[in-house]
Amino acid sequence: MLELISQELPWGIHIALALFFGGLGGGSFIVAAVTSVISGEEFRDILKFGAYVGLLATALCGTFLSLHAGHPERLLYMYSNPTSMITFGATMITSVLFVGLIYATFLPPDSLPWLKSFLPWSVYVKPRKFFELLLFILGSGLAGYTGFVLALSRAEPFWETPLITALFYASGVSTALMAIGLCIAILRLVQVTEESRKLFVEMMHRLDVADGYMLLIEFGVAMLYVYTMLNSPSEVARASAEALAFGELAPLFWGGFVFLGLIIPLLLLVLLAWKGRTAAFIRLYAPLMILAALCVLTGGAIMRFCFLAAGQLPVVK
Amino acid sequence: METVGPVLLEGEVGPTRPPSAPKLDEHHLMVIEPHPELKGRCVFQRRSCMHCVDPPCMYVCPTLAIYQVNGVNLTDFTRCFGCRYCVVACPYRARVFYEEKGIPIKCWMCMDRIEQGLAPACVSVCPVGALDFGRRASIVAKARHRAEELRAAGREAYVWGAEEKHGTNVIFVSDVPFEELGGFPEPEMLVTAPEALPELLVQRGGLALFGGAALIFLGFILWRRARIVKAKIKEIPMR
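Sequences listed follow chains Y and Z, in order.
With the working numbering, the residue at position 242 of the first sequence is 258, and numbering never jumps.
With the working numbering, the residue at position 154 of the second sequence is 148, and numbering never jumps.
Derived by calculation from the structure, the hints in this document are not laboratory data.
C-beta atoms are modelled at their ideal positions from N, C-alpha and C, and glycine is treated no differently.
Treat each hint with caution, since some may be false.
To be verified - Have a look at the derived ranges for each label pair, beta carbon to beta carbon:
hint: 1; chain 1: Z; residue 1: Asp48; chain 2: Y; residue 2: Pro249; range: 16 to 24 Å
hint: 2; chain 1: Z; residue 1: His21; chain 2: Y; residue 2: Lys145; range: 55 to 63 Å
hint: 3; chain 1: Y; residue 1: Phe262; chain 2: Z; residue 2: Glu20; range: 52 to 60 Å
hint: 4; chain 1: Z; residue 1: Asp19; chain 2: Y; residue 2: Gly271; range: 53 to 61 Å
hint: 5; chain 1: Y; residue 1: Thr110; chain 2: Z; residue 2: Asp19; range: 17 to 25 Å
hint: 6; chain 1: Y; residue 1: Arg293; chain 2: Z; residue 2: Glu94; range: 20 to 28 Å
hint: 7; chain 1: Z; residue 1: Arg107; chain 2: Y; residue 2: Leu117; range: 27 to 35 Å
hint: 8; chain 1: Y; residue 1: Leu131; chain 2: Z; residue 2: Glu20; range: 46 to 54 Å
hint: 9; chain 1: Z; residue 1: Ala208; chain 2: Y; residue 2: Leu135; range: 33 to 41 Å
hint: 10; chain 1: Y; residue 1: Pro88; chain 2: Z; residue 2: Asp19; range: 19 to 27 Å
hint: 11; chain 1: Y; residue 1: Leu135; chain 2: Z; residue 2: Glu93; range: 53 to 61 Å
hint: 12; chain 1: Z; residue 1: Ala208; chain 2: Y; residue 2: Ile202; range: 53 to 61 Å
As the list claims (entries may be wrong) - Covered, in the sense of this in silico footprint (three residues per stretch, anywhere, with C-beta under 8 Å from a C-beta of chain Z), are these stretches of chain Y:
hint: 13; stretch: 58 to 68
hint: 14; stretch: 100 to 111
hint: 15; stretch: 116 to 130
hint: 16; stretch: 183 to 190
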């Protein structure tokens, strides 16, 4: 079903992944900036992985946009039209990559101590804070763009709502929190040291609680979206919502996004927030966090595809 | 400046049930779609680019590859990078993506023929004279006159393209409502001009985006506050 749909749609799997990685990239820098504001240097690993995941995801967003393009050799032309959301998005991707790369030089990995001698400015906090503020704005632009590009496409009533931007933005932040958690949890499994355990659990607990709330927001916005579209005055929007909620996209939407991407990780996160810091659960923290993160990331990608495909299905038919 | 180019079409009576019509694809930039059972007869509908007066495809194109010449919407294929935003944005679903060439294509109103002083090919070959070509104002007047004739003869008559969705340069006259024919934008579907972009950005994205950002900040501030309160509670000596 997935292959069939993606072949027929003007915007298929490549664009869904570009939107997913765009949200993840922007969200990672938002998480890094907010963490720095509220926790200072306490959770430096979140800042580091925020920068690394943000850079990688933004680069992947650009890569999937290029893979989708019929003539990737003409990509530079896409900066030409300021009224086009793709021009806005391309500008955001380039800016985030450029500023994000500078920001990442302030946070070299501990595993490469020799790198610090090449980056003497990495000890300064104030200039880094400036880049964090800039990246919060640019990251919000990038995560928001993934919704704007659909909301302002001007011909798909299913996408003509502010809820799509809210949903993609919330999902961007939620997937970013879990991607950062995933990196830290994998690192924890590789480098088990007793003194880092307390910090690890503290960091994870915060990511866990923050993502729990984000998943609840995402769930609420997604349900509100489907409900409003099922009751839309537009026949095309209703057809899209019915395909999503009850039609050919329903298994992906309910199974892939709602169950796998929201309910399972939400239950895992509640369990970890409740019992995670007890002696019995401490060993399971990293594996369960990895599982929750993989579910959220897979669900986030499926959600982008579902909403992208639902908007176009009445057109294909 | 007055534009050239509208084509006039009227729903015509067909003799028998026609074969299934081809869909718009890279080999068919204009198709005549039969509706075999509308009003107890077969009605034919021309489907192709409507050459919108304010074309959404032109406004969304990031490469400025889409442009207008005297009301005809054309594409500069040396600039197009094949993102398909125009395919998604077309309210008439008239653009198709030519996978082999990596470009979105559509009817170009036979611009080469127009430049030679000829009518578009579809107009020249139509055996029943259902299509016409000329300056927009005269074609709109002709369409309205034809609709009046139909109404005078006791038939229904509808005109599409004079004002609808900012107007198109292909004008339809039909005795079947356009909702029944299909392929036309619904009243709820907004086809907006670029002047409305800032308003749209706020309406559909800005509020949600900044609302979302504010919500995240608020959430983290509350979370931070909870931590401070928790820490203060810990500092209170146990009795």
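20 to 28 Å as the expected CB spacing between Glu94/Z and Arg293/Y, which holds or is violated:
violated (59 Å)
Mind checking the hinted window 33 to 41 Å against the Cβ distance between Ala208/Z and Leu135/Y?
Because 34 Å falls inside the window, the suggested range holds.
Q | 46 to 54 Å as the expected CB spacing between Glu20/Z and Leu131/Y, which holds or is violated | A | Holds, since Leu131/Y and Glu20/Z (Cβ atoms, about 52 Å apart) stay within the stated range.
Cβ separation of Phe262/Y and Glu20/Z, checked against the hinted range 52 to 60 Å
violated (34 Å)
- request: Evaluate the given range 17 to 25 Å for the C-beta pair formed by Thr110/Y and Asp19/Z.
  value: violated (35 Å)
Checklist entry - Taking a Cβ-to-Cβ distance below 8 Å as contact, does the stretch 100 to 111 of chain Y have at least three residues touching chain Z? => result holds (count 5)
Per the hint of 53 to 61 Å, is the separation of the Cβ atoms of Ala208/Z and Ile202/Y within bounds?
violated (33 Å)
- Item | Distance restraint hint 53 to 61 Å, applied to the beta-carbon atoms of Leu135/Y and Glu93/Z | About 46 Å separates the Cβ atoms of Leu135/Y and Glu93/Z, which means 53 to 61 Å is violated.
Practice task
Could you see if the CB distance from His21/Z to Lys145/Y stays within 55 to 63 Å?
Solution key: Given a distance of about 58 Å, which is inside 55 to 63 Å, the answer is holds.
Chain Z covers the stretch 183 to 190 of chain Y, three or more CB atoms within 8 Å, holds or violated = holds (count 3)
Note to self: Please verify the coverage claim for the stretch 58 to 68 of chain Y: does it have three or more residues whose C-beta sits within 8 Å of some C-beta in chain Z?
What the structure shows: violated (count 0)
Q) Does the Cβ distance between Asp19/Z and Gly271/Y fall inside 53 to 61 Å? A) violated (33 Å)
Hint compliance for this structure: hints 3, 4, 5, 6, 7, 11, 12, 13, 15 are not met, and every other hint is.
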